[in-house]
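Engineer: Read top to bottom, the protein sequences are chains A and B. All residue numbers for the first sequence refer to this note's numbering, where the first residue is 121 and numbers rise by one. All residue numbers for the second sequence refer to this note's numbering, where the first residue is 109 and numbers rise by one.
Keep in mind that the hints were calculated from the coordinates and are not lab data. In this text, a Cβ means the ideal position worked out from N, Cα and C, and glycines have one as well. There could be a bad hint or two in this list.
Claimed, not checked - Sample of chain A residues with no beta-carbon within 12 Å of chain B, all distances over it, derived:
id	residue
1	D161
2	K220
3	N230
4	F246
As the list claims (entries may be wrong) - In the BS3-like style, the derived pairs of lysine-lysine whose C-alpha atoms are separated by at most 27 Å in a straight line are:
id	chain 1	residue 1	chain 2	residue 2
5	A	K130	A	K232
6	B	K406	B	K318
7	B	K334	A	K221
8	B	K461	A	K226
9	B	K406	A	K220
10	A	K221	A	K232
11	B	K406	A	K226
12	A	K228	B	K461
13	B	K318	B	K334
14	A	K221	A	K130
What the hints assert, rightly or not - Reference excerpt, derived from the structure (chain A facing chain B, CB under 7 Å, subset only):
id	residue
15	N158
16	G160
17	Y164
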Amino acid sequence: MRPDDRKYTKAHEWVLLDGDVALFGITDFAVEELCNGNEGDLVYCDLPEEGRTLEAGETFGEIESVKAVADLNAPIGGVVLETNEAIEEHLEILSTDPYKKGWMVKIKPNNKSLDGLMSAAEYEAFVAEKAH
Amino acid sequence: MDTAALQETPLHDVHAALGARMIDFGGWHMPVQYGPILDEVRTVRNACGLFDLGHMGRFHITGPDAIKLVDKVATNFCAKIPVGAIRYALFCLENGNPIDDVLLYREEQDVFIVVNAGNLERDLAHLQEHAEGMDCEVVDQSRELDMLALQGQHSEAILQRVVEDCDLSELKYYRYTWGTLCGIPNVRISRTGYTGEDGFEVYIPPSSSKQVWDSLLTHGADLGLKPIGLGARDTLRLEAGMALYGHEIDDDHNPIEAGLSFGIRFAEEKGDWLGREALLAVKADPKKQLIGITTDGKRVPRQGHKLFRGDTEVGYVVSGSVSPTIETNIGTAYVTLGNEEVGTELELDINGKRQACVVAPQPFYSRTRK
Numbered sequence: 121m122r123p124d125d126r127k128y129t130k131a132h133e134w135v136l137l138d139g140d141v142a143l144f145g146i147t148d149f150a151v152e153e154l155c156n157g158n159e160g161d162l163v164y165c166d167l168p169e170e171g172r173t174l175e176a177g178e179t180f181g182e183i184e185s186v187k188a189v190a191d192l193n194a195p196i197g198g199v200v201l202e203t204n205e206a207i208e209e210h211l212e213i214l215s216t217d218p219y220k221k222g223w224m225v226k227i228k229p230n231n232k233s234l235d236g237l238m239s240a241a242e243y244e245a246f247v248a249e250k251a252h
Numbered sequence: 109m110d111t112a113a114l115q116e117t118p119l120h121d122v123h124a125a126l127g128a129r130m131i132d133f134g135g136w137h138m139p140v141q142y143g144p145i146l147d148e149v150r151t152v153r154n155a156c157g158l159f160d161l162g163h164m165g166r167f168h169i170t171g172p173d174a175i176k177l178v179d180k181v182a183t184n185f186c187a188k189i190p191v192g193a194i195r196y197a198l199f200c201l202e203n204g205n206p207i208d209d210v211l212l213y214r215e216e217q218d219v220f221i222v223v224n225a226g227n228l229e230r231d232l233a234h235l236q237e238h239a240e241g242m243d244c245e246v247v248d249q250s251r252e253l254d255m256l257a258l259q260g261q262h263s264e265a266i267l268q269r270v271v272e273d274c275d276l277s278e279l280k281y282y283r284y285t286w287g288t289l290c291g292i293p294n295v296r297i298s299r300t301g302y303t304g305e306d307g308f309e310v311y312i313p314p315s316s317s318k319q320v321w322d323s324l325l326t327h328g329a330d331l332g333l334k335p336i337g338l339g340a341r342d343t344l345r346l347e348a349g350m351a352l353y354g355h356e357i358d359d360d361h362n363p364i365e366a367g368l369s370f371g372i373r374f375a376e377e378k379g380d381w382l383g384r385e386a387l388l389a390v391k392a393d394p395k396k397q398l399i400g401i402t403t404d405g406k407r408v409p410r411q412g413h414k415l416f417r418g419d420t421e422v423g424y425v426v427s428g429s430v431s432p433t434i435e436t437n438i439g440t441a442y443v444t445l446g447n448e449e450v451g452t453e454l455e456l457d458i459n460g461k462r463q464a465c466v467v468a469p470q471p472f473y474s475r476t477r478k
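Looking at chain A on its own, in the form it has when it is part of the complex:
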């Protein structure tokens, strides 16, 4: 079971509200799709500039593996406060700990509504369907 303290998107991002800020990341399923369990297959992660305003659903970066490139999309709107620079040099963090150390972007959300996003249980079912 994936962490149920946060919400998930159909594009395999997660968003966690923490007081006045929110964190974005991608799920273990997304990482697995990109690198098939081989963390060495991840080659690049592009994260946004601090201060950038993101709309919900907007592409804020890209992640690239040996054979594929995937967009990173904002689950909710807000202003970028900080990005996780550790990821850019240590992409393996995304394989080993996508839900804690693997956070990508910290934002100040426009509002704290997570309506329309999936719970952990709903995401679980969504992924099971997709993997079938």
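Dock chain B against the given chain A, drawing on the hints supplied.
Structural biologist: The following block gives chain B in isolation, referenced to the frame of chain A:
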């Protein structure tokens, strides 16, 4: 992924059992990797790899006009290929652009042809159209004959362990012979491949595919033989400077500018053939050229990235990969003439961000040019 509509090779379930990651490749459900792609590339460069090529097309052109037909539709000079030899060629349209690139296996009267999976139907229709009025038959043997490739420096040693009645050390590069493989008589064995390594391709009855696959893996285990997916195959061919239809060549990219002149014969004796006039014009006045690029940046060149020289757009990427063999990111690209010299500094435009790259000699890797 809806995989129900995809075709499966005789080894499909074997790949699944090996834990392969399967993808849709030209309408086929194929293994892209069994483990890390870069490790699979290294396995082929340093030891040996086994590939399922069941998805590729295999035609037999038979009858008195077989060679005449091939010399009309293919760019190489089939009548001049020695019996027992194999040559690279392209099927071009009148405009000089190819519908496929192929290997021609010259027989006494007939010609065996290996084509790309994704172009099979179009190739078949094309050949049949041009065979009208000729005394020959175009037979699609793709489902009667399966195809495996063994690639890497230990290929000969491993294959010889399961081949009777023929000495593989006497089979030269781009030649084929017939042998008994795993007890199956009259198997076509060619010294060919798409990796830049020494290796073989074998054509076997689909009912024997699993037996041959398992036997090869067993007999090659001590020499490091492993199954290799299509992901590594793409990197291997790119490192070795080999074109892939849909990337370096396609309906809009002719073989002259792609650097494939070695597969084209303009000799008068060959007579007229499809695309000859157009390709002569390109040869006389080419507009662009395929080049190799390397980049020290983190991003991998990908098909569609634009190339700039200063502020001027000079070309676009058609293939790219991480290269574990030369330990940098590599790609192929078309540039307008004047930008093709090795060492020319260019920039990739990756979604608006620039990354430096440089024109590199081709091929990136050659086993004979250490």
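Engineer: A separate judgement is required for each hint: does it hold in the structure or not?
Structural biologist: Taking the hints in turn, this is what the structure says about them:
no., hint, verdict
1, D161, "violated (6 Å)"
2, K220, "holds (24 Å)"
3, N230, "holds (25 Å)"
4, F246, "holds (14 Å)"
5, A:K130 <-> A:K232, "holds (19 Å)"
6, B:K406 <-> B:K318, "violated (40 Å)"
7, B:K334 <-> A:K221, "violated (35 Å)"
8, B:K461 <-> A:K226, "holds (23 Å)"
9, B:K406 <-> A:K220, "holds (25 Å)"
10, A:K221 <-> A:K232, "holds (22 Å)"
11, B:K406 <-> A:K226, "holds (24 Å)"
12, A:K228 <-> B:K461, "holds (26 Å)"
13, B:K318 <-> B:K334, "holds (15 Å)"
14, A:K221 <-> A:K130, "holds (22 Å)"
15, N158, "holds (4 Å)"
16, G160, "holds (6 Å)"
17, Y164, "holds (4 Å)"
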